[in-house]
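Colleague: Following the hints, put chains B and C in place on chain A, whose structure we already have.
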Amino acid sequence: MARKLPSKNVVVIGLGWTGSILSYHLAKAGLDVVAIERGPWRDTATDFPPAYAQDELRYAIRLDLFLRPAQETLTFRNRADQTALPIRNFAGFLPGNGVGGAGIHWNGQTWRFLSTDFRLRSHLTERYGASMLPGDMTIQDWPVSYDELEPYYDRFEKLCGTSGKAGNLKGVKQDGGNPFEGWRSSEYPTPPLKQGLGATLFAEAARKLGHSPFPQPASNLSEAYTNPLGIRMGQCSYCGFCERFGCGNYSKASPQTCVLPALMRLPNFTAQTESEVLRINLDSTGKRATGVTYVDTSGEEWEQPADIVLLCAFALFNVQLMLISGIGKPYDPDSGQGVLGRNYAYQTTSSVSVILKDKVLNPFIATGAHGMMIDDYNGDNFDHSNLGFVGGGYMGAGQTNGRPIQTRPVPKGTPKWGAAWKKATAETYQHAYSLSTHGSSYSYRDCWLDLDPTYKDRLGRPLMRMTFDFHDNELKMSAYLTERLAEIAKAMNPTEMQAHPRKGPYDSTIYQTTHNTGGTVMGDDPQTSVLNRYCQSWDVHNLFIPGGASVFPQNHGYNPTNTVGALAFWTADAITQLYLKNPGPLV
Amino acid sequence: MMDSQTSLRLSRRLFLTSAAIFLTTSASVVHGRTIQQEMPWAPGAADPPAQVRPGPWAFFTSDEAATIEAIVDRLIPPDDHGPGGKDAGCAVFIDRQLAGPYGRSEGLYTRPPFMPGSSTQGYQNPASPAGRYRNGLKALADQVGQSRSGKAFHELTAAEQDKILSALEDGSVKLKDVDAKAFFAMVLQDTQQGFFADPIYGGNRDMAGWKLVGFPGARYDYRDWVERHNESYPLPPVSIMGRADWLSKG
Amino acid sequence: MYRSLALTVLSFAFITCAHAQGATQDFSRIERGRYLTTLSDCAGCHTAPGGKPFAGGVALQTPFGTLIAPNITPDTETGIGNWSDDEFVSALQEGRGRNGTRLYPAMPYTAYTKMTRDDILAIRAYLTTVTPVNHKVNANQLPFPFNIRLAMMVWNWLNFTPGRFVPDPHQSDEWNRGAYLVQGPGHCGTCHTPKTILNADKNDAPLAGATLQGWFAPNITANRYQGVGRWSKDDLIQYLKTGANNATLASGPMVEAVTHSTSRMKDADVAAIATYLLGIDQGGINKPAPLAADNPSMKAGAAIYKDACAPCHQDNGRGSAELFPRLAGSAIVQSDDPTTLGRIVLEGSRAVATSSAPTAPAMPAFDWRLDSDQVAAVLTYIRNSWGNAAPAVTGAAIAKQRTTLAHSR
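Protein chains in written order, with my numbering: chain A, 1 to 587; chain B, 1 to 250; chain C, 1 to 409.
To be clear, the hints were calculated from the coordinates, so they are not data collected in a lab. Don't take each hint at face value.
Facing chain B, a subset of chain A residues (Cβ under 8 Å, in silico) [said to hold, decoys possible]: (1) Trp-41; (2) Ala-271; (3) Asp-296.
Glycine included, C-beta positions come from ideal geometry on N, C-alpha and C.
Bound-form chain A, shown alone (with noise of 0.2 Å):
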């Protein structure tokens, strides 16, 4: 029997980016706040100090700062008529853990979505009629525009400090920007990262065949800044060990970086670390949560009471967590009823690798968001009338790193070992580059998150159980979009080209991305949403899932890290400025 601890305002379930910047804004505004987090506390000296933050083998391969499957993880299977069984190691995607959550282990790459995704079904069906769209295809317009949450975005970018080029300043198009992009409110924070010898000569094919390449927006900072919570931030050393590492010199942002100096200072804030949610209360009525109740590291129970509960997980388990504690109606495929697991969506990449035998690439020098892309090929960005998809991405030169373990690059017919390897490995590793596509993933009916019927956690609770596969929508714009960058990358001479095409099925165990979008989508429609506008749930009032990426409709064509942050301050504001106010559902 779970121990009753004093209320709280506010309990908030996971304090990575989302639950940070909660807490900190409802902290400030008076509320006692509560956060409670599964994984442990990380700090950048003590977790990931420049002095073994650099070690491939323990952070990118045995995954170091990643979430266990032994403490919890899924079941997968690609279709419906299958067994799902358990990702025993996670691989294709990797969920974050501990305090900082995703925000520690992310690249930095900072992407605004087109206000066209946001109206996605109404603007498709109004340019191209609704037979445009596959059947089976259940994109949704967002209950949100890009105008409303552009302030969003920018106080998103102004925490991060976010490196860049604005091509749209207030509907004036900019030189050196995006020409594609949704208007800004602001400059970047920071000018653009310094680029490398792959990304330059990429830009110049790419203006040579008309495109627009543009830096890519990166919250790795090309020089120090001071965020609006007075957090000093340090310049990018372009280490190359971004992605799946934390960063060691204060130059990547992060809930650690960015808000934990100013968030652990406010005294009505304490952090719960290495103490697991495992529900979500609600009261008789099942109208109102009550609060949580967590296990910590000895196995007892605690009731936390709170007046509001934020769940600020990642986004496969914020679903996880409405599903155990039985908030919303499940989705079924079968009859296209209920909505809580609904919509699950991915990301589409692909990639294009060159090896131009006569240049020195030095391709460990990176960080996780330098390089030049172009987004002609995004979104509706360009005519789909006679392509038989819809959707696209961006796409480009980036490549994150040279560390060798992971990036060793050869010529086609290279045998994988041996002498013949070993040299091909030598002479091949300073001349090659990836260039990549990041392309959508619209939703559909047989995609989607349930509880899984034979596999639990340590805890005992049902493992969640993803159904997922690329649909040929996804498979053609793959295909597309990377014909267009083989373009590309011809015109930059390559002594050799591969061109890797995202094919199906969707395999769990080769990393694509993290980007694990739906599930607990909002919406304008209690019948295909689970939140409202400002994030709400529909059926419990105090209950919030303030911008997960599980509440995505549907993903776009780029990272969701800006979207997931703008959304928080989003519902942070709702709840500040209407919740508190008048404490019932705003919609």
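Modeller: Relative to the frame of chain A, chains B and C by itself:
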């Protein structure tokens, strides 16, 4: 209560803040960790990897070790480009890894039932890497012993060894109760990881793997070189535990 | 429930003002006393971490043993509730406790003696308003013979000159205010003035830097080589107010001084301190010639610095403002005594966090990565690069420090 607490802080006048960290041990209070009004920090706090030291095999028997040393030296043969897998410490690396958390599948989801699945669903077998090596090496020794008139793998010529490894790789030779292809893939992966991981783990000795490709290792600052396009980076690789130039000579 | 939630937001700002005020007390005098308590950093020693305010309990390491700061709440049994005003004044000005017992000079009465009776009684007035706490502190844990309080009579006779601060009519009011704060309530010399063998201040070199508690408190005079003479008045003000400036961040024992005292001082008082400190220049510290770059220790140090230190402190030793201390031109880097340098490299250090500079970056520990000779080499390198010059650090000194620190953890 106060006195016992303060006695623990005798040397900590230095870091007096309003902070309170409770790393609790008593059953009367909440386990886990409650952190308020401080970014926790303690002098000397660090969690570096333990350096692998030369010494006896931690996991392999001497027969297994002889086989593995022979295998890693064929997967990465010594040649004009530099040392092979054996001299680079790949077998030592694998040995220490198998004796540690990796060998035990620590942290992985190992609950039953185990059912065969599609390749997209990943590894679905209760055997840990340590168990797979033990079984795989035994099955290989048996297979070699039978087909090569009692010889051990490491006693064969390089060409014979390569032939067997190729047959494992493409699955054309069968091992008793062992998936030969998967076993080969695991050994290859671990060998290459050892060759390119930080030398602190026992492989990549003298940073041979990094020197082979020109990776500067555990460096953390290339601000001076990011715009030096088309120019090779001039400094040698460095390990977590340093490099020769860190020692005073004179 | 929800109304109360909304109310919480509105009422939060008032919570901290809710302390009861004694009806008969003079409010402005108590407030002045509260501020003087901040200037004097009473809480730094008399409030234990996580303990009740002024209830005592902080351990002070002295060269002769450990002293525990006593309870100074108005509790009549275990605090100072029964003390008369004269007894209180005598404690601060003369170093005499109740009934004439001698205090140990860990209590900085050698500085507080400069304070006016009026200021001291204002502190007294404030302390009578804090919550009385019944908490008995066994203050004296010194070994024989230092546990004999009578010995302090001899010490005082040798080392202690009681007397109030006398303003210098040739100096500005601001300078005099700064001098009063530094010499009196601020008791800066307690850490920063070199000590005699009996641990008394060396009065011929005030504020020229001193080693205590395993740290070197640097020279804070206007000396350009080993002091703060390269800093502008604004640099010094920013440092004291926020704990960080373009050159460095406060860490070690200074964390406590910034947290409890300097960051809470009035702007005019911080400016006065800066004016006074930047006016002190004893001269007489000669910068040596730097060690040659081809010295073997310098060469090893250069390699270590490039690989391990430059990611934060940069190739040019300039660091990054308010984040990574500037090593080039740094006083602490070039101080004769490398105690603080060795300590920071071995076990790391957390900078102070203040509301205007909350970042509080930390230097990681390197004791596991560098052996004592390597620590000495990299310190020798930073002490003799970018225009810096200072004697080499020996591996033996670092090895000794390593052992001492390991015992203290």
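Colleague: The structure should be examined with respect to each hint, and the outcome stated for every one.
Modeller: Checked hints:
The interface hint given for A/Trp-41 holds, since its Cβ lies 6 Å from the closest Cβ of chain B, which is under the 8 Å cut-off. Annotation: interface hint on A/Ala-271 holds; nearest CB of chain B at approximately 4 Å, less than 8 Å. Checking A/Asp-296 against chain B: minimum C-beta separation of about 4 Å stays under 8 Å; hint holds.
Hint violations for this structure: none, all hints satisfied.
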